[in-house]
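Engineer: Sequence:
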Amino acid sequence: MADKDFPGWHGTTIIGVRKGDEVVVAGDGQVSMGQTVMKGTARKVRRLSPGGYDVVCGFAGSTADAFALLERLESKLEATPGQLQRACVELAKDWRTDKYLQKLEAMLIVTDGKELLIVTGAGDVLEPEYGVAAIGSGGNYALAAARALIDTDAAAEEIARKSLGIAAEICVYTNGNLTVERIGG
Numbered sequence: 001m002a003d004k005d006f007p008g009w010h011g012t013t014i015i016g017v018r019k020g021d022e023v024v025v026a027g028d029g030q031v032s033m034g035q036t037v038m039k040g041t042a043r044k045v046r047r048l049s050p051g052g053y054d055v056v057c058g059f060a061g062s063t064a065d066a067f068a069l070l071e072r073l074e075s076k077l078e079a080t081p082g083q084l085q086r087a088c089v090e091l092a093k094d095w096r097t098d099k100y101l102q103k104l105e106a107m108l109i110v111t112d113g114k115e116l117l118i119v120t121g122a123g124d125v126l127e128p129e130y131g132v133a134a135i136g137s138g139g140n141y142a143l144a145a146a147r148a149l150i151d152t153d154a155a156a157e158e159i160a161r162k163s164l165g166i167a168a169e170i171c172v173y174t175n176g177n178l179t180v181e182r183i184g185g
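Read left to right, the sequence shown gives residues 1 to 185 (the working numbering).
Honestly, the hints are just simulated from the structure, not real lab data. Because the structure is a prediction, the values reported are computed rather than measured. Yeah, the Cβ is synthetic: ideal placement off N, Cα and C, and Gly gets one too. Heads up, none of these hints are tricks.
Lysine-lysine pairs mimicking DSS-like chemistry, simulated, CA-CA at most 30 Å apart:
| # | residue 1 | residue 2 |
| --- | --- | --- |
| 1 | K114 | K162 |
| 2 | K93 | K114 |
| 3 | K39 | K103 |
| 4 | K103 | K93 |
Cβ-Cβ distance ranges computed for the label pairs, FRET-style:
| # | residue 1 | residue 2 | range |
| --- | --- | --- | --- |
| 5 | M33 | G82 | 36 to 44 Å |
| 6 | S75 | Q102 | 12 to 20 Å |
| 7 | I170 | A79 | 38 to 46 Å |
| 8 | T36 | A144 | 24 to 32 Å |
| 9 | T97 | D151 | 34 to 42 Å |
| 10 | T36 | D151 | 32 to 40 Å |
| 11 | I170 | G52 | 33 to 41 Å |
| 12 | R43 | L126 | 23 to 31 Å |
| 13 | P81 | M38 | 31 to 39 Å |
| 14 | Q83 | D153 | 32 to 40 Å |
| 15 | N140 | E105 | 13 to 21 Å |
| 16 | T120 | R43 | 19 to 27 Å |
| 17 | A144 | G184 | 18 to 26 Å |
I would like the entire structure built from these sequences, with the hints used as guidance.
Structural biologist: Following this line, the structure appears as structure tokens:
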């Protein structure tokens with residue numbers, strides 16, 4: 001089967017919300033191939049602890065590619081303990097320049113409770129505005145919902161859950177099976 005005939009994999013919506021001293025990364029569990037839901041309970045939000053340093057990472061895109069990136073991120077964090085942004089910049093540089101890594105198709109949301117970052121294969125390390133980051137198939141829907149909720153009295157986790165719920169109602173590649181990890185608060 002030629003690549004142009006292969007139905008695209010779609011999967012997951014990830015959101016990161018920072019409010020006060022709490023940061024939450026949450027993701028849905030759906031992985032689809034074309035018009036078929038292949039799995040509804042995928043876990044694409046993970047806690048990393050390189051050298052006792054607590055980091056939460058959510059990923060959208062190819063799972064195998066994301067795991068390869070998570071391993072590299074973990075080694076960058078071990079080399080630069082307590083410096084999340086520096087580790088992410090080093091990962092993004094490698095991702096952009098290494099011929100093997102350039103083929104990896106995933107995006108990451110990463111936090112250590114102080115910083116909330118989006119890391120892409122284009123070499124970007126972005127600190128989102130308004131304390132909200134979202135990636136994946138329903139990312140724009142979740143982002144819009146969270147931006148609307150961020151100035152309310154709702155806590156970070158409640159905002160993340162409501163935003164993913166709204167995305168799941170709109171995006172056919174997003175479901176309501178959530179994984180939520182929190183740092184701080």
